[in-house]
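J.: Sequence:
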Amino acid sequence: MDQSTKTASRLFLGALSQDPIRLPLIYAIAPPDSDRLATRRDTETGDINGDKKEEGYKQGDDRQKPQCPAVSPSTQLYTMHRQGNGTAAAHDGPDPRVGEETPLLAKADDGDTTTAANPAPWSWETDFEGVSWYRKPSIWWLLPAYAIYALAFGGIIVPKLNLVLTLVCRRYIAAQSTLHPDAQYTPVIMFANNPQCRIPEVQALATEFTLYMSLITGILSAAISPKIGALSDRYGRKYFLAFAVFGGLCAEIVTILAATYPDTVHYQWILFGSVLDGLFGSFTSAMAMTHSYGADVTTPAKRGVAFGYFSGALFGGIALGPLLAAFISRVTGNILSVFWIAFFCHLTVLLYHLFLLPESLSTKRQLAARTRHEEELSAAATSPTSRAAQAANFLAPLKILYPTGAGASSHLRANLILLAAINTLLFGASIGIGSVLIYYTNYTFDWGDFETQMFVGLTSAFRVVVLITLLPLITYIFRTRYQKRRAAEAARNADPDAVPDDTRTPGADTLDLVLIRGALVLEVVCYAGYASARHGGVFFMFGVLGAGGSIALPLLQSALSKHVGADRVGQLLGATALLNGLARVVFPAVFGGLYSLTVGRFPQAVFVVLSVTFGGMAVLSWFVRPHVYLEAEEPRQTGTSDARTSLLAEELVDEEVVGR
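Take the sequence shown: its position 501, counted from the start at 1, is 499 in the working numbering, and no numbers get skipped.
In short, the hints are calculated from the structure, not lab data.
Here the structure is a predicted model, which means the values were calculated and not measured.
A hint or two may mislead.
Said to hold, decoys possible - Derived lysine to any residue pairs resembling SDA-like cross-links, with alpha carbons at most 20 Å apart:
1. 134 - 232
2. 300 - 193
3. 225 - 134
4. 482 - 507
5. 362 - 232
Go ahead and model the full structure; you've got the sequences and the hints to work with.
T.: Quick look at the structure:
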């Protein structure tokens, strides 16, 4: 390629590294004339015919050179771009009419609203413009696979507990027969009803073993999920979604082997399956990656609804999974068939993610995120030892909840910490209260398996209805219609700056916060009702009322993602996955321990504690400010590309990274 094209490419990449959001849009609309662009660049840097200094301003001259308004490289490049395409008159030096407040794109007849104050985002729709429908990412590509994954996750919860109980009992009875050969012990039959296993010793061993399983998976997934989230920002989402599913697949293989060959494969090998599941991120990582994918392909205004669909799929899987598992095991007469079906569900989802699911992050965004990461590492200038120590720091990923530097503020840090704390407490309460509800209803209302399954299934069904119908309806009425009305009024008033742009990420809005607060109040009423209910029907009604609080978790995840740019969403949701992984370990033990201590005197104590906790979260939510977000870092003021950018241009132009 000729020298002028190389020069133009260097300047393009120099501006791209400082303004990676708007510049690709400009070049997609109208590529500039490279010769004119290169000439403009040389003119403004005084580099024509080797003359490095302008006349009258020699080195050592104390006079201050007159300055035009500050112009960033990206704005300067766009000015030359317009001139190269005949949209502005050429003149010597930077255009004094162009500054940071100048619209980046010329005002168009179709109502273009992009201004310096309202920058055009790097939209996924722009990145995938012209791509075939089957290659364009969307939540509708991911939602069915996530529903199947959630169904498999919910379907094996109870069968796995029963399988562990049977395997533990089998080993315990065999050990007792060896220690006491004169005693008579009924042999344990796999996949059958074994009343001899209903003894305290076996129950204690099985409970201890399941606790170890939860601890291993929870701790490892909490450590791995933030790393996966940060990597997905730089290398895409789909392969890390497959990565998390592969861990569940490995765990099911180990479980099937232990159940099929109980005399050969010791049941403690199931702990190895938990290790594999945790090392690959487990369900917490899959959920974080799913939300990151949804954040990539939805505008902030619609993100809460998208996350609500994912939560609806999760609750649907938890509701239908146990019912389908019970039906399958009864029809086949073999509980092992449930694990085989779960295995094939995981395998199907894994292959779907690898070969069919469209990637939600374009190559441009991945490269931009990698460049930013490399610059951050270079700026830190740390030794390999210190980097390794930082990578080994278990809590290091949480630093994204306390951003500092350009664009950060105390309000932003307060919002992120408060929202993350509320999200962690809510997630932990949702996970930890499940077993307590089953024990409490059995103890207080004498509910059996049928009543318990009906309660769990119906309340989960109501949650699904709220998430996939009520939340989208509220969002449409109070956000979408409102924005359409404002857009119509702005069009009539010829005021393009007033037209709302739902592709920006201006933090959580007022509707987000109102819905979160309302959902937390419903949770307070629900658990207070649980504590006061003295009849099973009343208890069930409060469970239905609490279904309205299910919108809180997806809205919290959505609100958190709106506080940072698109290139940090995976890192942020990975940090929340770390907190959720810890909550998955801590909260079941806390609530279970509290219930065991108070069941003889005041079994409702755990519900009182939860009601007070949710009340505290509702109060904290009032300290979250709307429209607070991490502002983009200001571009560095420089007239020429540095050596690194020039070298990058030389290496990447021929690889068509710039799309030329």
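J.: All the hints need checking, so say for each whether the structure fits it.
T.: Outcome of the hint check:
For a cut-off of 20 Å, the pair hint linking residue 134 to residue 232 stands: about 19 Å separates their Cα positions. Between the alpha carbons of residue 300 and residue 193 the distance comes to roughly 53 Å, so the proposed pair goes past 20 Å and is violated. Distance restraint check for residue 225 and residue 134: the Cα-Cα separation of roughly 26 Å exceeds the 20 Å cut-off, and the hinted pair is therefore not satisfied. Distance restraint check for residue 482 and residue 507: the Cα-Cα separation of roughly 16 Å lies within the 20 Å cut-off, and the hinted pair is therefore satisfied.
Annotation: proposed proximity of residue 362 to residue 232 holds, straight-line Cα distance about 10 Å (limit 20 Å).
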